[in-house]
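Novice: As a plain string of letters, each chain reads:
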Amino acid sequence: MTYLAKPKLHHPTLPKNKVGYTRRDYEGAISTLCAGCGHDSISAAIIQACFELDIEPHRVAKLSGIGCSSKTPTYFLGNSHGFNSVHGRMPSVLTGANLANRELIYLGISGDGDSASIGLGQFAHAMRRGVNMVYIVENNGVYGLTKGQFSATADRGSKSKKGALNTDSPIDMVQLALQLGATYVARSFSGDKEQLVPLIKGAIDHCGAAFIDVVSPCVAFNNHPGSTKSYDYVREHNEAVNRLDVMLPRETITADYPPGSSHAVTLHDGTTLVLHKLAADYDPHDRVKAMNYLAERQAQGHLVTGLLYLEPDAEDLHASLNTVPVALNRLGERELCPGAAALEKFNASLR
Amino acid sequence: MATPIEAVNDFVVKFANVNGSGSASANTLFAKSIMRMGVPVSPRNIFPSNIQGLPTWYEVRVSGRGYLGRRGGVDLMVAMNPQTWDKDIAEIEPGGYLFYDSTKPLPKSKFRDDVNVIGVPLTAICNDAYSDPRQRQLFKNIIYVGALTALLDIDADEVAQLIGEQYKGKEALLKPNVHALQMGRDYAAANLKCPIGLRVQRADAVGRKIFIEGNNAAALGCVYGGATVAAWYPITPSSSMAEAFARHCKRYRHDPETGKARYAIVQAEDELASIGMVIGAAWNGARAFTCTSGPGISLMQEFIGLAYFAEIPAVIVDVQRGGPSTGMPTRTQQSDVLICAYASHGDTKHPLLFPEDPKEAFEMSAQAFDLADRLQTPVFVLTDLDIGMNERLCEPLEWDDARRYDRGKVITREELEAGKEFGRYLDVDGDGIPYRSYPGTHPTRGAYFTRGTTKDRYARYSEAGPDYVDNMQRLLRKFETAKRLVPRPVERRAGAATRFGVIYYGSTSPAMTEALDRFAADGVHLDALRVRAFPFADEVLEFVADHDQVFVVEQNRDAQLRTLLMNEGAIDPAKLIPVLHYDGTPITARFIIREIGEKVALLEVKPLRRVAQ
Numbered sequence: 028m029t030y031l032a033k034p035k036l037h038h039p040t041l042p043k044n045k046v047g048y049t050r051r052d053y054e055g056a057i058s059t060l061c062a063g064c065g066h067d068s069i070s071a072a073i074i075q076a077c078f079e080l081d082i083e084p085h086r087v088a089k090l091s092g093i094g095c096s097s098k099t100p101t102y103f104l105g106n107s108h109g110f111n112s113v114h115g116r117m118p119s120v121l122t123g124a125n126l127a128n129r130e131l132i133y134l135g136i137s138g139d140g141d142s143a144s145i146g147l148g149q150f151a152h153a154m155r156r157g158v159n160m161v162y163i164v165e166n167n168g169v170y171g172l173t174k175g176q177f178s179a180t181a182d183r184g185s186k187s188k189k190g191a192l193n194t195d196s197p198i199d200m201v202q203l204a205l206q207l208g209a210t211y212v213a214r215s216f217s218g219d220k221e222q223l224v225p226l227i228k229g230a231i232d233h234c235g236a237a238f239i240d241v242v243s244p245c246v247a248f249n250n251h252p253g254s255t256k257s258y259d260y261v262r263e264h265n266e267a268v269n270r271l272d273v274m275l276p277r278e279t280i281t282a283d284y285p286p287g288s289s290h291a292v293t294l295h296d297g298t299t300l301v302l303h304k305l306a307a308d309y310d311p312h313d314r315v316k317a318m319n320y321l322a323e324r325q326a327q328g329h330l331v332t333g334l335l336y337l338e339p340d341a342e343d344l345h346a347s348l349n350t351v352p353v354a355l356n357r358l359g360e361r362e363l364c365p366g367a368a369a370l371e372k373f374n375a376s377l378r
Numbered sequence: 003m004a005t006p007i008e009a010v011n012d013f014v015v016k017f018a019n020v021n022g023s024g025s026a027s028a029n030t031l032f033a034k035s036i037m038r039m040g041v042p043v044s045p046r047n048i049f050p051s052n053i054q055g056l057p058t059w060y061e062v063r064v065s066g067r068g069y070l071g072r073r074g075g076v077d078l079m080v081a082m083n084p085q086t087w088d089k090d091i092a093e094i095e096p097g098g099y100l101f102y103d104s105t106k107p108l109p110k111s112k113f114r115d116d117v118n119v120i121g122v123p124l125t126a127i128c129n130d131a132y133s134d135p136r137q138r139q140l141f142k143n144i145i146y147v148g149a150l151t152a153l154l155d156i157d158a159d160e161v162a163q164l165i166g167e168q169y170k171g172k173e174a175l176l177k178p179n180v181h182a183l184q185m186g187r188d189y190a191a192a193n194l195k196c197p198i199g200l201r202v203q204r205a206d207a208v209g210r211k212i213f214i215e216g217n218n219a220a221a222l223g224c225v226y227g228g229a230t231v232a233a234w235y236p237i238t239p240s241s242s243m244a245e246a247f248a249r250h251c252k253r254y255r256h257d258p259e260t261g262k263a264r265y266a267i268v269q270a271e272d273e274l275a276s277i278g279m280v281i282g283a284a285w286n287g288a289r290a291f292t293c294t295s296g297p298g299i300s301l302m303q304e305f306i307g308l309a310y311f312a313e314i315p316a317v318i319v320d321v322q323r324g325g326p327s328t329g330m331p332t333r334t335q336q337s338d339v340l341i342c343a344y345a346s347h348g349d350t351k352h353p354l355l356f357p358e359d360p361k362e363a364f365e366m367s368a369q370a371f372d373l374a375d376r377l378q379t380p381v382f383v384l385t386d387l388d389i390g391m392n393e394r395l396c397e398p399l400e401w402d403d404a405r406r407y408d409r410g411k412v413i414t415r416e417e418l419e420a421g422k423e424f425g426r427y428l429d430v431d432g433d434g435i436p437y438r439s440y441p442g443t444h445p446t447r448g449a450y451f452t453r454g455t456t457k458d459r460y461a462r463y464s465e466a467g468p469d470y471v472d473n474m475q476r477l478l479r480k481f482e483t484a485k486r487l488v489p490r491p492v493e494r495r496a497g498a499a500t501r502f503g504v505i506y507y508g509s510t511s512p513a514m515t516e517a518l519d520r521f522a523a524d525g526v527h528l529d530a531l532r533v534r535a536f537p538f539a540d541e542v543l544e545f546v547a548d549h550d551q552v553f554v555v556e557q558n559r560d561a562q563l564r565t566l567l568m569n570e571g572a573i574d575p576a577k578l579i580p581v582l583h584y585d586g587t588p589i590t591a592r593f594i595i596r597e598i599g600e601k602v603a604l605l606e607v608k609p610l611r612r613v614a615q
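Keeping their order, the protein sequence lines are chains U and W. Take any residue in the first sequence, note its place counting from 1, add 27, and you have its number in our numbering. Take any residue in the second sequence, note its place counting from 1, add 2, and you have its number in our numbering.
In case anyone wonders, no lab produced these hints; they're calculated from the structure. Treat the hints with care, as some may be off.
[Stated by the list, open to error] In silico DSSO-like cross-links for lysine-lysine, where the CA-CA straight-line distance does not exceed 30 Å: (1) U:K220 x U:K188; (2) W:K170 x W:K211; (3) W:K262 x U:K372; (4) U:K33 x W:K422; (5) W:K195 x W:K112; (6) W:K195 x W:K89; (7) W:K89 x W:K112; (8) U:K316 x U:K304; (9) U:K43 x U:K220; (10) U:K372 x W:K172; (11) W:K411 x W:K480; (12) W:K106 x W:K89; (13) W:K211 x W:K262; (14) U:K372 x W:K177; (15) W:K422 x U:K45; (16) W:K110 x W:K195; (17) U:K98 x U:K33; (18) W:K422 x U:K43; (19) W:K170 x W:K252; (20) W:K252 x U:K372; (21) W:K195 x W:K177; (22) U:K35 x W:K422; (23) U:K186 x U:K220; (24) W:K211 x W:K195; (25) W:K480 x U:K98; (26) W:K411 x W:K485; (27) U:K98 x W:K411; (28) U:K98 x W:K422; (29) U:K45 x U:K33; (30) U:K220 x U:K98; (31) W:K211 x U:K372; (32) U:K98 x U:K35; (33) W:K422 x U:K372; (34) W:K411 x W:K422; (35) U:K220 x U:K174; (36) U:K43 x U:K33; (37) U:K174 x U:K189; (38) U:K316 x U:K220.
Use the sequences and the hints to build the structure in full.
Specialist: In structure tokens form, the structure reads like this:
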């Protein structure tokens with residue numbers, strides 16, 4: 028963090044995107060997190076992704092629960108409405124918001140305490156329902172604001188800063204998301220912006236429940252030897268299965284890839300996701316195989332990252348509910364109130 | 003032998019059945035046929051937490067004078083459940099009647115000497131007529147309804163007409179039902195003295211009234227009130243409201259051209275998620291509600307506090323019931339008043355609406371959305387099982403097509419563009435209500451970060467004490483504003499000046515009306531005030547001030563509305579005398595008359611004429 032506020036005035040030569048905004052227009056208030064916190068890197072990646080995707084900031088709603096991670100929406104997209112809700116309950120608030128207005132982009136920011144412990148139920152059910160959202164868990168394996176207790180994603184056998192051994196089995200949010208039907212599932216590392224930015228972009232463009240587990244070391248309470256969520260540990264054990272390039276509809280795919288090493292997937296909105304294979308035998312379109320692969324590699328001590336599963340033609344909750352294409356919050360009496368004549372008929376049926 | 007009860011259009015019939023035996027539709031048929039004869043009825047379900055096998059009762063009060071409260075006592079028991087036989091027999095008034103299946107002879111010890119016994123060999127009739135076991139079961143119910151039409155002088159054509167309406171287009175079901183009805187009627191006419199002392203006589207006391215369950219009416223109120231998002235979790239006795247909302251939406255809320263839904267209903271994973279979705283949707287500018295009961299309210303506490311402090315509209319319909327866990331929850335109570343009024347941690351209080359019947363459940367559900375939007379806060383509609391899950395005769399529902407939704411203070415894109423000052427928690431009008439902006443309104447203005455208490459007038463993060471106090475004081479001003487917006491109380495003055503008053507609310511209303519009539523007839527003067535909302539309008543506290551003693555009649559143990567009155571009105575507890583009924587059955591006029599009668603006598607104001615027990 029820094030106490031030196033950046034000037035609001037932008038340099039006139041700052042590049043603008045297609046909707047006329049500079050990268051700085053996607054920033055928020057100054058972070059109050061610890062210097063070196065992985066979460067700030069994730070905020071920066073979100074800013075970058077929104078800028079590159081030419082999203083108007085006010086068309087995004089950012090929602091969070093409670094915790095360090097949930098504080099971060101203040102630190103990006105300052106011109107977006109934000110909602111710092113209740114611990115572990117961001118998914119329900121986001122679901123309701125999404126139902127009210129399907130025209131906005133919903134960004135749910137949560138942490139491992141918020142989503143894997145108190146909010147595990149709501150996390151699960153939002154995935155099941157296929158709410159069209161980007162759900163990011165900033166996963167550091169520890170409760171920061173309350174000073175370093177283990178969270179439910181802490182690995183069994185990992186050590187706390189004070190030396191306590193974690194004896195509980197960890198919850199793997201990625202495996203859960205896969206099992207529960209999420210249609211875009213990724214894992215990344217806050218220290219790998221090259222990998223993370225395209226994953227966020229792909230998630231935003233995906234129509235359906237998109238989940239990204241971002242391992243994000245806590246420099247204050249979980250960055251020591253014995254931790255499995257420290258910068259060093261994650262760097263040593265990170266196994267990226269692919270690299271993603273997100274090409275907007277108007278962009279032509281110019282890069283030349285060696286045959287067999289990559290493939291492209293076109294989404295609903297025309298965006299193309301180009302996946303470059305790093306692990307030759309990894310297939311991100313087969314949910315069951317992906318789950319098996321992840322389980323095997325995890326057993327060997329690897330942290331698998333990349334776009335782990337994608338269902339390009341996914342449908343969201345609005346499709347399931349068959350709702351009108353217009354935002355429900357824009358309907359008025361004319362569309363909503365059946366009126367006096369209908370009521371009289373109703374009365375007549377009850378005599 | 004007691005003299006057989008003789009009564010025309012004024013008696014109680016109770017059906018003792020086994021849950022899941024198909025008795026419900028037959029019993030409804032019975033009640034509706036009386037209503038169709040122009041005679042008011044008020045039926046009540048008394049049912050277990052069970053799907054099949056446990057005892058269930060259906061109590062029908064026939065009241066030519068239109069008293070729809072539960073009366074208490076039973077004049078005719080239709081005893082179809084051997085499990086509860088002894089208890090059911092004991093409940094019959096001396097001189098009353100017992101209708102039973104006489105196929106299998108019962109020892110004399112199973113009967114009472116002071117009760118008139120009417121035996122019909124229902125099983126034998128069924129076994130002769132049907133071979134299919136399910137038919138034997140279902141038609142047995144219709145056969146007893148047939149027999150009762152003869153015994154009580156009910157117009158069988160009305161029943162046949164109702165069957166015709168029920169099975170319109172399903173001839174295969176219509177004919178056998180009418181046949182079963184006729185079999186029962188014929189048997190009674192041929193073998194029993196018809197009619198008995200209890201008789202239904204055609205009258206004109208129903209008029210244009212409708213017969214509807216409160217949950218159904220409240221759900222329709224949400225449709226008319228413009229709710230587009232509903233999130234709920236199944237819980238008795240509120241589930242049928244969510245289901246009714248889905249039914250009404252299916253009928254009224256699909257785009258006629260595309261068939262698409264102008265609503266979204268989610269059966270959530272629990273009540274926490276239900277209220278979370280409601281708050282998310284309302285934050286984003288949709289009208290949203292949840293319906294639940296006491297345990298759901300308990301679970302929603304944290305979110306309700308957030309909505310209070312973040313100032314997000316929400317409509318919560320609480321169909322109140324008894325206690326936690328299972329069992330009593332299928333009985334009625336008014337025991338969530340305090341938990342709703344002060345729901346959540348921190349200093350919070352919330353508007354409550356108390357409908358008296360399905361008609362008001364409809365009106366108040368619709369109005370709740372206007373109030374929630376105007377006040378930017380959660381609003382509770384407190385019905386109960388008695389209103390929610392029983393068909394009640396009430397005035398027809400009304401809607402004024404000129405009515406417009408009050409969406410409250412929402413700043414528009416044009417206003418933001420024109421440079422109108424926007425502070426999310428800024429009291430610009432002095433009524434404590436700030437402006438809000440919907441997400442996505444304007445590219446560079448009007449966005450803010452929604453939090454609980456930690457903020458200043460411009461929604462900027464602030465942990466400063468003065469900012470907190472400033473905000474809390476404004477919330478109090480807003481609550482003062484609410485007093486002027488919520489439904490006013492309804493007063494009924496006694497025939498003469500009196501120093502006694504009575505306050506009541508919600509489903510106590512029909513029993514209270516009946517009790518007040520009796521008090522008036524007996525020369526006991528009692529001014530009455532039906533409270534329809536919290537915060538209390540000034541009239542409520544003035545009413546208390548105008549009387550020396552005020553009875554507060556409630557259906558809970560702890561005198562919750564009385565507590566609220568004492569707390570919010572700084573009223574001397576000695577002035578408010580609790581009258582409490584909380585055994586899970588709906589309160590009766592008999593109970594109120596006895597309790598208040600005794601207390602008035604104790605206060606020795608004047609010699610009382612004895613009131614009926």
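Novice: Going through the numbered hints above, which ones does this structure break? Give me the numbers in ascending order.
Specialist: 13, 24 and 33
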